[in-house]
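Construct the entire structure; sequences and hints are all you get.
2 protein chains.
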Amino acid sequence: MAAAVVPNKKVVLKNYITGFPKETDMELVTSDTVRLKVPEGSTAVIVKNLFLSCDPYMRSRMSKHDEPSYVPDFIPGSVITGFGVSKVVDSGHPDFSAGDLVWGLTGWEEYSLITNPESLFKIKYTDVPLSYYTGLLGMPGLTAYVGFYEICAPKTGEYVFVSAASGAVGQLVGQFAKLMGCYVVGSAGSDEKVNLLKNKFGFDEAFNYKKESDLNAALKRYFPEGIDIYFENVGGAMLDAVLRNMRIHGRIAACGMISQYNLEKPEGVHNLMYTIMKRVRFEGFVVVDYYHKYNEFVEKIIPDIREGKITYVEDTAEGLENAPAALIGLFKGLNVGKQLVVVAHE
Amino acid sequence: MAAAVVPNKKVVLKNYITGFPKETDMELVTSDTVRLKVPEGSTAVIVKNLFLSCDPYMRSRMSKHDEPSYVPDFIPGSVITGFGVSKVVDSGHPDFSAGDLVWGLTGWEEYSLITNPESLFKIKYTDVPLSYYTGLLGMPGLTAYVGFYEICAPKTGEYVFVSAASGAVGQLVGQFAKLMGCYVVGSAGSDEKVNLLKNKFGFDEAFNYKKESDLNAALKRYFPEGIDIYFENVGGAMLDAVLRNMRIHGRIAACGMISQYNLEKPEGVHNLMYTIMKRVRFEGFVVVDYYHKYNEFVEKIIPDIREGKITYVEDTAEGLENAPAALIGLFKGLNVGKQLVVVAHE
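Line by line, the protein sequences give chains A and B. Numbered per the numbering used here, the first sequence spans residues 1 to 346. Numbered per the numbering used here, the second sequence spans residues 1 to 346.
No wet-lab data here; the hints were simulated from the structure.
Put simply, identical chains are the same to the list, so a pair is met inside one copy or across any two.
With a straight-line cut-off of 27 Å between C-alpha atoms, the simulated DSSO-like cross-links for lysine-lysine are: (1) 211 - 265; (2) 64 - 278; (3) 210 - 265; (4) 155 - 293; (5) 64 - 220; (6) 9 - 22.
Here's what the structure looks like:
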């Protein structure tokens with residue numbers, strides 16, 4: 001029987017960009033088709049994409065880098081790639097079978113041929129929303145887990161600050177910190193998000209950074225004794241203010257700097273001398289270095305999810321055609337919670 | 001018999017300063033006297049100061065801080081304090097006797113009454129120059145030792161960069177790195193210092209940063225494969241250039257930022273995003289946290305000094321009256337090697 005050949009809508013980057021990205025920098029291509037069978041003798045898999053993840057690091061991939069960056073640049077005219085949740089349609093790989101649910105790097109399209117299925121994670125628990133594997137149970141969840149528990153090395157009772165705190169990673173860091181018995185404050189860019197932090201995620205305090213004319217004063221208000229742990233998602237002026245408020249032997253886990261990604265030149269950070277005066281460790285990390293911890297992470301967090309100790313808020317765009325706007329919205333702070341795109345519900 | 005009362009010259013800070021310090025911000029006071037006997041019942045000691053240490057961190061103490069800094073501000077009109085090598089003249093403390101040689105915090109004066117002699121280190125080895133206890137065998141030596149071996153966590157064969165590399169700390173870091181089998185490059189502010197780095201301290205390469213119009217290009221020239229370890233003594237533009245050239249999982253030990261101490265506002269550092277992309281650990285440290293390692297350090301380094309495996313260059317000013325100029329010279333980069341002041345030879 002000949003394999004089905006079906007239409008395959010996809011989102012491509014039109015050209016490399018500088019500055020703030022626009023929806024029109026991407027394009028929905030509807031003219032492609034795909035054969036739903038892996039080539040003879042190949043160990044690839046064909047997947048149907050269900051959920052796609054919009055993540056800040058993707059901005060870097062939209063620009064051309066002269067030297068290789070930490071993630072490869074997108075290729076203009078080719079499908080955008082990113083994390084997603086998918087169902088295996090056909091497999092030439094002994095570890096995967098049709099019907100398997102997986103998460104990992106896939107394409108912003110309806111069906112993807114994945115030639116390195118070893119990079120995919122099989123989904124074990126399906127009694128939780130499958131979309132969680134783009135966030136809570138996927139790359140952002142593992143990021144929050146290793147960033148907080150390993151890089152921040154938290155101790156009960158410490159003072160923790162999280163920026164972009166209602167985002168895919170931040171909302172989890174705050175909840176992990178509360179479970180550890182820390183005092184936790186988050187910053188976010190709208191009153192709605194601040195409300196979520198305090199009333200949904202259990203942060204002790206939260207503030208809307210856009211309403212603060214003096215970030216240093218804001219931090220002093222919430223941390224009169226200083227900050228032990230800063231989970232850094234934004235960079236720039238917030239980082240500068242945090243540095244002035246760190247306590248002795250404080251730790252900063254640098255996860256992202258979303259406020260800087262669309263600037264021609266990043267803002268200057270002036271207060272690094274405080275890292276010496278206060279003996280602060282500032283450490284950048286990338287989650288790919290910690291994939292070996294994924295199973296440990298899932299086994300640890302699944303019971304917490306089932307028992308309602310950990311909650312998660314998602315912001316869902318319906319349909320591949322809305323994916324470009326969803327991604328751009330991330331840089332405008334339009335998303336409330338983890339931004340994802342539904343390509344198909346099953 | 002009545003205790004001798006002798007003249008006691010001292011250097012005082014006249015007023016708190018901002019910006020670049022001047023010799024005339026300090027004053028030599030010759031009108032004081034001191035009684036060479038500790039008060040009855042006191043556990044203090046009286047010391048005769050032999051060598052005084054000029055250290056960059058002292059700049060911070062010359063300004064008034066609204067919030068307590070990591071080192072206390074000097075008190076205008078009172079004697080300047082700092083590290084020095086001294087001989088005990090009289091002691092009310094059971095652990096110290098007249099004739100003991102010590103190093104630790106003392107006054108910029110001929111004789112000092114030290115009310116907390118527990119803070120002093122007794123000098124055990126006197127077959128090396130006593131002045132070394134202001135540098136190689138004192139605070140700067142321990143700083144280099146813990147900063148390199150503990151904070152930098154070096155591995156054989158790694159690429160190491162040291163700024164202010166001919167200074168009290170830098171010259172040692174480079175030699176430690178060479179003893180570990182690392183490739184070591186140093187930067188300094190004169191051709192004389194560059195020559196010293198290459199021909200006296202055994203750095204693989206060295207450059208005069210004042211002759212480089214593009215620090216990023218200079219670093220790329222010496223580190224085509226990037227930097228594993230940066231021992232940070234200067235901050236500002238050099239740090240910014242280094243960040244762009246760090247290798248994956250690189251470490252930066254932030255010891256000082258002398259280029260920034262006399263600025264009204266520190267320069268902005270723009271390239272912190274590289275700490276994420278390259279998973280770099282940037283860690284500030286202060287040597288006082290490591291005093292418990294001092295004996296281990298001395299026992300380890302004394303044989304290396306005796307065998308000529310470690311060498312040390314000092315820049316010596318003769319006489320207390322030349323101490324203010326020696327301290328100011330540090331911020332102008334006039335010193336070649338560890339800057340110290342001889343108050344008395346015995």
